[in-house]
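Colleague: Whole structure, please, built from the sequences with the hints as guidance.
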Amino acid sequence: MAKRLVPLLNRVLVERIVPPSKTATGILLPEKSAKLNSGKVVAVGPGTRDKEGQFIPATVKEGDTVLLPEYGGTEVKLGDKEYQLYRDEDILGTLHD
Amino acid sequence: MAKRLVPLLNRVLVERIVPPSKTATGILLPEKSAKLNSGKVVAVGPGTRDKEGQFIPATVKEGDTVLLPEYGGTEVKLGDKEYQLYRDEDILGTLHD
Amino acid sequence: MAKRLVPLLNRVLVERIVPPSKTATGILLPEKSAKLNSGKVVAVGPGTRDKEGQFIPATVKEGDTVLLPEYGGTEVKLGDKEYQLYRDEDILGTLHD
Amino acid sequence: MAKRLVPLLNRVLVERIVPPSKTATGILLPEKSAKLNSGKVVAVGPGTRDKEGQFIPATVKEGDTVLLPEYGGTEVKLGDKEYQLYRDEDILGTLHD
Amino acid sequence: MAKRLVPLLNRVLVERIVPPSKTATGILLPEKSAKLNSGKVVAVGPGTRDKEGQFIPATVKEGDTVLLPEYGGTEVKLGDKEYQLYRDEDILGTLHD
Amino acid sequence: MAKRLVPLLNRVLVERIVPPSKTATGILLPEKSAKLNSGKVVAVGPGTRDKEGQFIPATVKEGDTVLLPEYGGTEVKLGDKEYQLYRDEDILGTLHD
Amino acid sequence: MAKRLVPLLNRVLVERIVPPSKTATGILLPEKSAKLNSGKVVAVGPGTRDKEGQFIPATVKEGDTVLLPEYGGTEVKLGDKEYQLYRDEDILGTLHD
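Protein chains in written order, with the working numbering: chain A, 2 to 98; chain B, 2 to 98; chain C, 2 to 98; chain D, 2 to 98; chain E, 2 to 98; chain F, 2 to 98; chain G, 2 to 98.
What the hints contain is simulated information worked out from the structure, not anything from laboratory work.
Take the hints with a grain of salt, since some may be wrong.
[To be verified] Each computed DMTMM-like pair below joins lysine to aspartate or glutamate, with the alpha-carbon atoms no more than 20 Å apart:
#, chain 1, residue 1, chain 2, residue 2
1, G, Lys4, F, Glu71
2, B, Lys52, A, Glu90
3, E, Lys52, G, Glu53
4, B, Lys52, C, Asp51
5, G, Lys4, G, Glu63
6, E, Lys4, G, Glu16
7, E, Lys52, G, Glu16
8, D, Lys41, D, Asp98
9, C, Lys52, E, Glu63
10, G, Lys52, D, Asp81
11, A, Lys52, E, Glu63
12, B, Lys52, D, Glu53
13, F, Lys52, B, Glu83
14, E, Lys41, E, Glu63
[Claimed, not checked] Cβ-to-Cβ under 10 Å is the rule here; a few derived chain D residues that face chain B:
#, residue
15, Leu6
16, Thr26
17, Arg50
18, Ile57
19, Leu86
Note that the structure is predicted; figures quoted are calculated from it, not measured.
A virtual CB, placed ideally from N, CA and C, is assigned to each residue, including glycine.
Modeller: Shown next as structure tokens:
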């Protein structure tokens, strides 16, 4: 059975969103439009620590759809699924419909 | 449909201004004069965080016309449009008529 | 007889978990699934020190199962057993069933 | 029409002073004496920000004649004129008659 | 006569423990088991200084058996004996029976 | 006419002392003894700034004879004279008879 | 006449101790035993400065016999004598009989 990961500090566990290669109505999408590097936040650590050791919470939360940087992130495999760990400050933004 | 991006921390989403290659009266502009690297601010994150985790707002705001540095910035494609993400402190200044 | 190591500052002594190469029911596991880099926390130092020299405790504790970074860590041999020392902030997260 | 630039943070917009290649009385100056790298301050940003986000004003002000470092500075073209942007802390000093 | 060294700041003077190449009962030890890099603390400086110049004492004390990092340390010869100077924060842990 | 330079921050304007190649009594000095790299402080900036923007004055003052580091410093020509600008913290010490 | 140097900040002026190549009783010392890199403190600056500009005194004082690092230090010649300038934090320790 897959283990559950609780990230430490301000690390954020992200499941990358694989963009559909066709639209809902079946039109093939050119390669370019598939390029948005986004993911779903699966788990968030307690945050960075201030000088007294108190936690400053991360800026993203579980369930957020986030825009990821092109480089960086640590690959993590839990059970059959692949995830990526990012530092909260490296996540570029949240995506909304 | 294009997603909307809410930048994190002090990131600023900018739509680059493509300079007209002719003046309004139709005179072709030499290449040099087109070189000003400017953009329109589309979205601004909540700001950097101080040592207690409070946000210090960015110095630019939505709608500002800004002078961009020659290098840096992260390309982001939302729907059909291309944008660039900058850190607030890397934006050189605001442009006014 | 093996010596006991008490780590200094926020160092964490970890015994790496060697993943089984077969499942409990005897099925051979492909190499990929064995790749999770995890360990058991054996000992934890008193923590980092703030500006007055007070200790800020580490975020992991003895007995935790932790996800380790791919690089880093210092090999330590105590008696016949091999361990690794990590800084608390370099440990990626804790693993739970 | 040329845009007006309001620098951000402690950036300083400078118009470089082109030294005369002749004295007022028409004597040609040797190349060496023309070498002082100076400029006129055209616009100054609000300053750097302290830890609470308050601005600490720059040390130079509009109208100052300043001594510029040999390297550094960002070229900016506004209309027909060329300017340079410096960080306040990189300006070497102010020049007085 | 050998001079006595009082380390400055958080420097720690260590006498390396040369592991016996035989056990007490005379069995030759293979090279590997001799590899633990440990030493005895001979002298400890007053500690690092905080922003007001007050000393924050080191975490090790005279007489401690310590685990040393593989690299680093400064060789010091006092009289006939060789010692090594380490910064307190570079010492990995204390060893106990 | 030569301009007067008022250094910014903790910059120090120094006029280098050219050592005599003969003693007062006419004895030629060997090259080595001429090597002390010293100068006269001509002007001192208001100092570095603390976190609130207040100036912390420099440690040298106008008229001091100072020992200069072998490397560093920025050459400045004011009128016919050559000077050098140093950061206060890079000046090694003051020289006294 | 030789100038007197008053070091700035936490710089320490040291006169290196040239180890005797013979013992008092005339026995030639092998090269190794001469290797201790020590010196006599001749002058000490007022110390480093805290954030308000107050001086934090150096940890060594005039007359101390100090153990010097193998590298670093700035050679200074005052009159006929050669000295070395070190930062207080780079001096390894004080030597006592």
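Colleague: All the hints need checking, so say for each whether the structure fits it.
Modeller: Structure-based check of each hint:
With a C-alpha separation of about 18 Å, the suggested pair Lys4(G) and Glu71(F) falls inside the 20 Å cut-off, and the hint holds. Taking the CA atoms of Lys52(B) and Glu90(A), the gap is near 14 Å; set against the 20 Å cutoff, the hint holds. Proposed proximity of Lys52(E) and Glu53(G) is supported: the alpha carbons are some 10 Å apart, at most 20 Å. Taken as a hint, the Lys52(B) and Asp51(C) pair is honoured in the structure, with Cα atoms around 14 Å apart against an allowance of 20 Å.
The suggested pairing of Lys4(G) with Glu63(G) holds, with an alpha-carbon distance near 18 Å, which does not exceed 20 Å. Between Lys4(E) and Glu16(G), the direct Cα distance comes to roughly 18 Å. Compliance with the 20 Å bound is thereby established for this hinted pair. Pair hint Lys52(E) plus Glu16(G) does not hold up; C-alpha atoms about 30 Å apart against a cutoff of 20 Å. At roughly 14 Å between alpha-carbon atoms, Lys41(D) and Asp98(D) fall within 20 Å of each other, so this suggested pair holds.
Restraint check for Lys52(C) and Glu63(E): not satisfied, since their Cα atoms lie roughly 24 Å apart, outside the 20 Å limit. A distance of roughly 45 Å separates the Cα atoms of Lys52(G) and Asp81(D); the hinted pair therefore is violated under the 20 Å criterion. At roughly 30 Å between alpha-carbon atoms, Lys52(A) and Glu63(E) are farther apart than 20 Å, so this suggested pair is violated. For the hint linking Lys52(B) to Glu53(D), the alpha-carbon distance of about 9 Å falls within 20 Å, and the restraint holds.
For the suggested pair Lys52(F) and Glu83(B), the alpha carbons sit about 39 Å apart, so the restraint of at most 20 Å is broken. Note on Lys41(E) and Glu63(E): the hinted pairing holds, with a Cα-Cα distance of about 8 Å set against a maximum of 20 Å. Nearest Cβ of chain B to the Cβ of Leu6(D): about 5 Å, under the 10 Å cut. The hint holds. With a cut of 10 Å, the hint placing Thr26(D) at the interface with chain B is violated, because the nearest CB-to-CB distance is about 36 Å.
With 10 Å as the threshold, the beta carbon of Arg50(D) comes within range of chain B, its nearest partner Cβ sitting at about 7 Å, so the hint holds. Because the closest C-beta pair between Ile57(D) and chain B is about 13 Å apart, greater than 10 Å, the hint is violated. Against a cut-off of 10 Å between C-beta atoms, the interface hint on Leu86(D) holds, since the closest Cβ of chain B lies about 6 Å away.
Checked against the numbered hints listed earlier, the structure breaks hints 7, 9, 10, 11, 13, 16, 18; every other hint is satisfied.
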